[in-house]
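**Q** Now for the letters of each chain:
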Amino acid sequence: MAIAMRYAIDEHEAADILGHAFVKMFRSIHSYDASKGNFHGWLKRIIINESLDHIKQRSRFTNLELENAEEPSVNNSIIETTDAADILQLVRQLPRATHAVFVLYAIDGYTHKEIAAQLNISEGTSKWHLSEARKILQQKINAIRS
Amino acid sequence: MNVPTPYEQLIAAKLDQVPVPDMSDSIWADIEMQLDAAADVPAKKVSLKYKVWFGVAAAAVVAALLWWYFAHKDHAPETPKPPAAAPVTNEPPAVRDSSISISPTKDPVIPRKIKKAASALPLDSVRIDSAAATPVLPPVKVDSLQKHKVDIPDVDLYMAPVQPPPPRGRKPRGVKGITDDDYKLSAQKDSARKKD
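First to last, the protein sequences are chains A and B. The first sequence runs 1 to 146 under this note's numbering. The second sequence runs 147 to 342 under this note's numbering.
Check the hints yourself; a few may be wrong.
[As the list claims (entries may be wrong)] Derived DSSO-like pairs (lysine-lysine); straight-line CA-CA distance at most 30 Å:
1) A/Lys140 to B/Lys160
2) B/Lys160 to A/Lys135
3) A/Lys24 to B/Lys160
4) B/Lys160 to A/Lys44
5) B/Lys160 to A/Lys56
6) A/Lys24 to B/Lys195
7) A/Lys44 to A/Lys24
8) B/Lys195 to A/Lys113
Rather than coming from a laboratory, the hints here were simulated on the basis of the structure.
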């Protein structure tokens, strides 16, 4: 549920994603191969794929290329002192595509190449979305400090 | 750019601490409903498949029946038409001075060959109804020119009015040629003879 919560914009969408992901899991349980990975990782992948399908149905990914971008300066102490639910709300305020790229990259550890393959976009577009997410989050976190 | 920044790692750690709402019941109900719906889908597909087959079979039967009907309709013998009633010829009014005398009689008409007068009739004008087996004669016309040139002997030409054939199923009563008057007996004459 926590995985679906990161990608969804509210609890109801997260529950919907989780339900669909479990149905997929039950239908394809015969294809699970324990030698390729543990069950938790397999189920997590199903939930993330279902979340991305939801996002792709509801948003368009802007095809913008970005090779290099400046890393934003964010005071870590602000994040540490901020409540987890508020941090989640900040992330959910990002545009859907930017939100998805940010969660995939920063939280679930996907590379730009993997994100590009998952979302059918270019790596440059994935980088652009990540840069956008960082800019927006920097502004919002700095707004909390002020 | 390709490495998560420290604050992103902090955000990831914070998101793992997000409390998860207790929606397990509704989620499981949703899962159950989806699985039940998925189980119903194959049954519906089978019934639809059978419906399609029944429809195709019914269409084939209808097409075969139509083909059979039209194929036999073309070769079916035509039903004989009921014999038409013999037309009544319009007779010209009888003229006393004419050589042609028409005596009315109620006997059935038997066509006679007219010796010379018949030659005056065009062959095209005589039509014979094969079904009724009775000749249909046009009204007799007297050729005045031919009358003056050639001496036509007196011929008794009987042109009786053509009566429609008696209705089928009824036989004529009595003996032909004997009427009810022939059976009248006068009792007085017979009694007088005996006295003599």
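**Q** If a hint holds in the structure, say so; if it doesn't, say that too.
**A** Hints and how they fare:
Under the criterion of a C-alpha separation no larger than 30 Å, the hint pairing A/Lys140 with B/Lys160 is consistent with the structure, at around 16 Å. Restraint check: the Cα-Cα separation between B/Lys160 and A/Lys135 comes to about 19 Å, which is no more than 30 Å; the hinted pair holds. With a CA separation close to 29 Å, the supplied pair A/Lys24 and B/Lys160 stays within the 30 Å bound. Of the pairs offered as hints, the one joining B/Lys160 and A/Lys44 holds, with about 19 Å between alpha carbons and a cut-off of 30 Å not exceeded.
For the suggested pair B/Lys160 and A/Lys56, the alpha carbons sit about 26 Å apart, so the restraint of at most 30 Å is met. With a CA separation close to 26 Å, the supplied pair A/Lys24 and B/Lys195 stays within the 30 Å bound. Under the criterion of a C-alpha separation no larger than 30 Å, the hint pairing A/Lys44 with A/Lys24 is consistent with the structure, at around 12 Å. Between the alpha carbons of B/Lys195 and A/Lys113 the distance comes to roughly 45 Å, so the proposed pair goes past 30 Å and is violated.
In this structure, the one hint that does not hold is number 8.
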